[in-house]
Structures are given as C-alpha cells and as structure tokens.
Amino acid sequence: MTEILLEMRNITKVYPNGVVANRDVNFALAEGEIHAVAGENGAGKSTLMKILFGMEEPGTGEIYLRGSKVRFGSPQDAIGAGIGMVHQHFMLVPSFTVAENMILGMEPRKGVAVDYAEAARITREYAEKYNLHVDPLQKVENLTVGMKQKVEILKALVRGAKILILDEPTAVLTPQETAELFEELKLLKQDGHTIVFISHKLKEVKAICDRITIMRAGRTEGVFPIGEVSEQDITRLMVGRDVVLKYEKDPGPFGKPVLRVRDLSLAGPQSKLLLHGIQLSVREGEILGVAGVEGNGQSQLVEAVMGRFPEAAGAIEIDGADISGLDIESIRGRGVAYIPEDRMRQGSAGEASILDNVISTRYKRKEWNAGPLLNRKKMWKLTESMIEAFKVKTSGPAQQIGMLSGGNMQKVVVARESFSEPRLLISEQPTRGVDVGAAQLIHRKLLELRKEGCAILLVSADLNEILELSDSLVVMYEGEIVAYFDKPSELSEQELGLYMLGMKRQDAEQIGRANHV
Amino acid sequence: MFKLKYFELIRTLAVIFIAMLLSMLCITLISKQPMETMRVFLLEPFSSMSHFGNVIEVAIPLMFTGISVSLLFKMKMFNLGAEGIFFFSGLVAAAVGIQNGLNAFVHPLAAIAAGGVVGAVISVIPGVLKAKWNANELVTSLMFNSILLGVGLYILNYFLRDASAYTTSSYKIQQTAVLARIIPGTRVHIGLIVVLVFIALAHVFLYKTRWGYELRMTGANREFAEYSGIKTGRVIVYVHLLAGFVAGVGGSVEVLGMHPRFDWVALPGYGFDGALVAMLAKNNPAAVVGSAFFLSYIRIGAEMMSRYSDVPAEMIAVIQSVILLLVSADQFLKFWKNRMLLKEAQKNG
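Protein chains in written order, with our numbering: chain A, 5 to 521; chain B, 13 to 361.
No wet-lab data here; the hints were simulated from the structure. Be a bit skeptical, because a hint or two may be false.
As the list claims (entries may be wrong) - Taking lysine to aspartate or glutamate pairs in the EDC-like style, the calculated list, with each CA pair at most 20 Å apart, reads:
1) Lys220(B) with Glu188(A)
2) Lys368(A) with Glu315(B)
3) Lys355(B) with Asp28(A)
4) Lys243(B) with Glu60(A)
5) Lys346(B) with Glu60(A)
6) Lys144(B) with Asp331(A)
7) Lys220(B) with Glu371(A)
Quantities reported herein were computed from a predicted structural model and do not represent experimental measurements.
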C-alpha cells in the first residue's frame with residue numbers, strides 16, 4: 005500500500021435537529037486509489053464528505069492531509085488543498101456555457117474583460133488531457149446529465165483537485181453512461197489522482213474501486229481491500245443482515261381500471277412538450293411501474309393526476325369519472341392517496357409532530373372532530389397504531405417528525421397514505437434514500453395494499469424496486485411512453501436501460517397495450 | 013432531552029438577562045446615583061397598587077396586538093398591519109362611542125364590535141393580495157399603515173373633532189361607552205378580562221381546532237399543506253381576518269378603556285410592539301401574557317425612572333432593540349445547543 009494521503013480521525017457530527025450523522029468515524033485515503041464509501045442512505049456518507057469538503061464543520065475530530073493537521077472552514081479551503089467534489093445535484097449555471105462554468109470564480113482576464121477565448125482554450129486543454137470530451141461553447145442547459153457530470157469533474161480538475169469526491173455519480177446515469185464514466189475514472193487514477201467514490205450500488209463498487217469503507221448508522225463498519233470482500237459481505241456489513249429484495253406475490257387477476265389517463269399532453273416553457281400523448285390505465289390490484297431516467301416527465305405525470313396542471317390536455321379518469329378541474333382535496337376525496345417524491349418538501353412538515361403530520365389528510369372528516377374541536381385522543385390512538393404497524397423508531401406521537409431518520413420519516417408518510425384504504429395510491433420514489441429495512445417494510449405494505457385491491461402507480465428510479473414490484477411497466481422518455489411490458493420480472497436492467505435512454509422504442513400498438521380495456 | 017426541550021425558553025431568558033444587564037450598565041454610566049436609579053427602575057412598578065395598575069393597563073393593548081401578530085407570524089406571514097388597524101379601529105370605536113342613546117351594556121359592545129369588524133375587513137386586503145397574487149404582505153401591510161393614518165386623521169379632523177377642545181381630539185366619548193374599571197385605585201378596566209378570554213380562545217383555536225391546525229401546517233410547510241389537500245390560500249385569508257379582528261378589538265378596547273377622547277394624532281406604536289411581544293412569546297398565545305407583562309413592566313419602570321431619577325425613559329428603546337436583535341438572531345447561543353446535542357449524542361452512543 006502506498007502512503008496515506010488523507011486521514012479523518014474520530015469525526016462526530018450532530019445536526020441542529022438532533023440527527024447524529026457521524027459518530028467517531030475514521031477514514032483514510034491512500035494516494036492514487038479509488039476508494040469506495042458504501043452505506044445505505046442516511047448512513048452518514050454524504051455528511052462525512054461534506055465535512056471533508058469544508059461544507060460542514062465536525063463537532064469533534066480532526067483531518068490530516070499528508071500528516072499535517074488541517075481545518076477546512078469552507079469549500080474554498082478544501083479546494084485550495086487540492087480537494088474537489090462532484091455533487092449528486094450538479095452545481096452548474098444552466099444558462100452559461102461549459103467554458104463559462106469552468107472558469108467561474110477564477111476568470112482569466114484580458115484587461116478588465118473576461119477572456120472567453122482563453123476560457124474555451126483551458127476547457128479544451130483539460131478535456132483533451134483527461135479524455136473528458138465536452139464542447140466548451142455549448143450551454144449547460146442543453147447538455148445531457150452524463151455530459152453535465154463531465155463538466156463537473158473537469159471543473160474540479162481545472163481547480164487543481166488531486167483528490168476527487170464523487171457523490172453517487174451513477175445515480176443519474178444510464179448503464180451505458182456509467183460504463184463511460186468508469187473508463188474516465190480509471191484514466192484519472194493512472195494520472196495519479198485519488199478518487200472517493202460514494203455509492204450504494206455494489207456491482208459498481210466492485211468493478212472499479214481498490215478499497216472500500218463501509219458505513220452504517222453513522223459509524224464505520226470497516227475498511228477492506230475490495231478483493232477480500234464479496235458483495236454479500238458488503239451488504240451484510242451495510243445492513244447488519246443479509247437482504248434479498250425479492251417478494252412473493254400471486255399474479256392477478258386484476259379488477260376494472262381505477263385510473264385511466266387518455267391522451268395526456270402538457271406544454272412546458274418554450275412550448276416544449278413535457279408530456280406527450282400519455283395513455284395508460286391502472287387496474288384494481290395492479291401495480292403499474294413507471295420507469296425512466298429522472299426528468300423525463302414522470303413527475304409531471306404524477307402532478308397532473310393530482311390536479312396540479314389544470315391546463316393539461318387530455319383526460320384523467322378515476323373510476324370512470326373525469327377528474328380534470330378538481331383540486332387535490334376533491335381528488336383525495338375520491339380515494340386517491342399520494343406518497344410524494346420529496347418527503348421533506350411535500351411529504352411532511354418537519355417542525356410539526358408526528359401526530360400533526362399523519363392527520364393532514366383526514367383531520368377535516370367528521371369522525372376526527374368533536375363539534376368544533378379536533379378529537380386529539382382518537383388521533384393520538386391512530387398515530388400510535390401507525391407507529392406500531394410501521395415499526396417507526398420514535399419516542400411517541402408528539403415527537404417532531406424532523407427529528408426522525410429518513411427511513412422512519414418515510415414510514416410515517418407511507419403510513420399516513422396507506423391507512424385510509426385508498427382506491428388508488430400514487431407512489432413516487434417510495435423508498436428513495438431509506439435503509440433497506442425500511443424499504444422492505446414499505447414494499448410489503450405496498451404489496452398488502454395491492455392484495456386488498458388497491459391500484460398502485462409506482463414511479464421509481466430504483467430499477468430493482470420497479471422490476472420486482474410491478475405487475476406491468478411503462479418506460480418514459482422525453483415525456484412519452486416508449487415501451488410497455490406486462491411481465492417486468494423477465495426484463496433485464498440492461499434492456500430497460502436502452503429504452504430509458506431512448507435508444508429503443510416499441511411500436512404504437514405495443515405501447516397502446518398500457519391502456520387496458 | 014430535558015435540557016434541549018427547554019432550550020428556547022432558556023435562550024429567551026438569557027436574552028432578557030443580557031438586556032437587563034445592559035440597562036444596568038447604561039444606568040451606571042448615566043446616573044449620578046446609579047443604585048437609587050436601578051431601584052426605581054426595577055422596583056417602583058411594584059411599589060404601589062396604582063403603579064402596578066399601570067403595568068397591567070399597558071399590558072392589555074400589548075396582549076391584543078401580541079396575539080394578532082402571533083397568529084400571522086405562526087403562519088410565517090411577516091405582516092405588521094396591526095399598527096394601522098389598532099389606530100383606525102380605535103377611531104371607529106370612538107366614533108361609535110361619542111354617539112348618544114345606547115345603554116351601558118350595548119354601547120361598548122357595539123363600539124368594540126364595530127372596531128373589530130372594521131379591523132378584520134382592512135386586514136383581509138393584504139391577505140387576499142397575498143393569497144391571490146403572492147403580494148408581499150410586509151410591504152402591503154406597511155403601506156396600509158400609512159393609508160390608515162392619513163384617512164383616520166382626515167376623519168378625525170373633519171367629522172369627529174371637538175372644536176372646543178384645546179388639542180386635536182374627538183368629542184368626548186359617552187359615559188355609557190366607557191369601559192368599567194375593575195380594580196379599585198387603578199385604571200385597570202374590563203378589557204383585561206376581554207383580552208385574557210381572547211388569549212384562551214386563541215390557544216384553543218390554534219391547538220384544538222381544525223382551522224388552527226390548517227394554520228399551523230400552512231405555516232410549517234405550505235407545500236406539504238397544499239399536497240395534503242389544505243386550501244392554503246383560504247387559510248391565509250381567514251387568518252388575516254382573525255388577526256385584523258383581534259387588533260381591531262384591541263384598538264377599540266384601548267380607546268374606550270383609557271381615553272376620554274380619541275386623541276391619537278400619530279400611530280400609537282402598539283402594533284410594532286405586538287411584533288416584539290409575539291417574537292418573545294415564540295408566537296405562542298399563552299406565552300403572550302408573560303411577554304406582554306414583561307415588556308409593560310420595563311416600560312413602566314423606565315417611566316418611573318424618568319419621573320424620579322435623572323435617567324430619561326428613552327433608555328428603554330435601547331433595551332427593546334437589544335431584545336429584538338437577540339431574539340431574532342437565530343444563531344445566538346446556537347453553539348451551546350450544538351454542544352448539548354453533541355453531548356446527548358455521545359451519551360446515547
């Protein structure tokens with residue numbers, strides 16, 4: 005092993021809302037390696053990296069770079085020390101060109117003006133050197149996700165980064181783009197760069213990394229040369245038990261369609277079509293999966309069903325009745341439940357209690373009121389039974405929901421939506437960023453609802469989840485449905501990737517099967 | 013968890029402590045007899061029934077505006093319209109109060125109701141503007157304060173002014189409309205009971221009814237409230253109605269209880285004080301009682317000080333500013349909270 009380049013010792017970090025993200029974490033990087041940091045979401049990987057990049061200050065603990073103690077008060081300090089970070093959500097200015105983004109904050113000058121020619125030259129030089137091919141004059145908003153990521157990596161390199169932190173770089177990429185990224189990372193490694201690769205996709209970790217640090221619940225579970233641990237070992241260490249996300253479910257028969265979407269189209273800004281001629285239906289007892297790379301119209305589809313786009317063309321029917329023009333309250337009144345994709349923004353009110361959070365969809369109904377007053381006692385009981393049924397780790401119904409971990413918070417959201425015996429459940433990224441234990445529990449609840457005859461529309465970026473749970477599957481690409489499968493379990497992730505990328509599409513007749521009659 | 017739970021309370025007390033310390037420092041620097049001045053400032057408000065009565069009298073309007081502002085702040089609406097409404101509703105109540113011919117029971121009720129309703133109607137305008145067009149409620153409410161002052165002075169001068177009075181003031185308010193005194197030897201009037209009832213109602217409304225629930229959820233996370241099916245635009249409108257009503261009743265009660273004639277020729281400042289009361293009380297109606305009394309206490313103390321010693325009452329403005337600054341400074345004592353969190357975490361780890 006080569007020498008230790010960077011070391012983090014006994015890092016503890018507690019967020020103001022009481023979440024302990026890191027607890028006595030130790031982390032060491034050897035020069036010139038690709039080092040994976042694996043762990044489930046909420047295990048503390050991102051926090052640890054934010055501390056390393058100067059975005060968060062540790063409560064206790066020290067950082068050593070080449071043996072000498074350093075303190076990063078801001079990302080500027082970290083960049084100065086040769087550390088670069090590529091965030092999961094890109095930090096680029098969409099309306100600027102690639103070259104302009106590249107030099108942001110370190111503009112080459114010609115007199116008082118910015119020297120754009122020089123900026124383009126620098127970009128080309130680095131792009132050539134590291135084999136990351138980007139067009140310096142293209143606007144960032146016109147780039148694909150994979151290209152944007154290249155720009156981000158180049159941005160860090162231009163700033164002299166020797167240590168590159170990549171936070172879940174493959175989460176937004178198709179399998180093909182991922183393969184390309186790996187080639188680029190290998191080149192960087194040969195060039196003497198050290199890379200921290202954060203991921204929870206074990207196949208990728210095995211494919212590219214030299215060593216792995218495994219984190220669980222804010223602690224380090226161990227550091228291993230990648231050859232010495234199998235995927236099973238890693239999973240066990242990450243979760244604390246073996247998990248196979250496989251579910252037994254009996255196939256159909258499905259009942260009559262609950263949700264029917266006909267010719268749904270929606271124009272976005274610059275009259276670009278966000279949704280184009282969407283046709284689908286979800287039947288009683290059926291889980292219809294919606295797959296696709298994020299940003300291909302899935303969230304618009306869901307929001308349209310929830311009545312957020314009264315201007316959309318086409319028809320949306322629930323149990324045969326048109327719901328266009330109805331507001332969310334009336335749509336929910338027809339037995340529609342909704343698990344929104346962002347539990348912090350749409351799914352919960354962080355500063356309110358768990359109780360206040362679970363009654364938000366039912367407090368108006370008569371049975372929860374006694375005259376002008378809310379029946380708090382009954383609500384308390386309901387909350388307690390939800391906590392029990394979903395095994396939410398909490399001190400009780402009065403606890404602030406914001407104090408819970410991501411997984412427990414999501415359980416509360418799912419509990420709220422599923423306890424009302426819905427006719428139709430719109431489930432958007434139901435297990436994003438939660439630990440496997442919570443994910444399994446949520447999956448089981450979805451299957452329970454399915455068994456009771458609830459129709460479920462499942463939008464997810466997690467291919468394993470969508471292939472395993474769905475009874476049928478549509479793939480969305482650029483606002484259109486490009487494929488329909490009635491036996492998703494026989495589909496491979498590779499094959500699905502081709503449709504998600506828009507490289508393959510079925511003919512109209514095949515796609516039309518998504519609309520069951 | 014014990015310490016963390018009380019963090020906000022401890023923080024508020026620390027703020028008050030620092031402000032008091034600062035005022036002591038001011039007194040020491042200014043006064044020729046600092047010890048005596050401090051005694052006057054701190055103890056004189058309690059020295060007699062009539063002095064303590066002063067504290068209660070001043071606390072009444074502060075509680076009214078404190079609740080009104082708390083309702084709006086709880087919904088994260090930074091609306092300071094209570095100021096103008098308090099003034100204008102006081103004028104409306106006085107206009108009703110100077111009429112003849114109602115008995116002593118109906119007359120004050122009618123005057124207060126008129127003030128309250130007018131307050132609600134005025135308040136709903138920035139509310140609707142906010143709900144419909146997302147117009148910034150701070151801007152609209154502050155502009156309304158100026159408009160209300162101008163219109164109010166016009167009405168006072170052209171319709172209500174008693175030419176025989178030496179100052180700019182209205183005709184005398186009829187004896188039937190004046191609020192009854194309830195504590196002998198003071199000017200404390202029945203408005204105290206009214207405001208305490210309002211506080212109890214506000215508490216029940218906020219924490220026990222579905223409308224209060226809608227308000228709290230809209231304030232906690234408007235997007236979440238929307239997605240749950242709460243019509244947040246409607247919530248914003250009715251909260252403005254309520255807040256305006258409370259401020260309006262406050263202005264009416266103040267005029268009928270404390271003023272023989274309507275004689276405000278400038279905004280009285282109670283609305284802005286209400287913002288301070290609400291912030292100190294963390295927008296919690298029950299805590300408004302304590303924070304209004306505290307504010308009233310240091311004011312009366314300062315007044316006594318200017319009367320009996322050589323330090324002017326204006327010193328209180330310094331203290332208030334310090335309190336406001338520290339209470340609204342989110343980061344104040346944050347380090348301490350972080351340390352407590354860390355300890356907590358290590359203990360549980």
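Mind listing which of the numbered hints don't hold for this structure, in increasing order? 1, 2, 4
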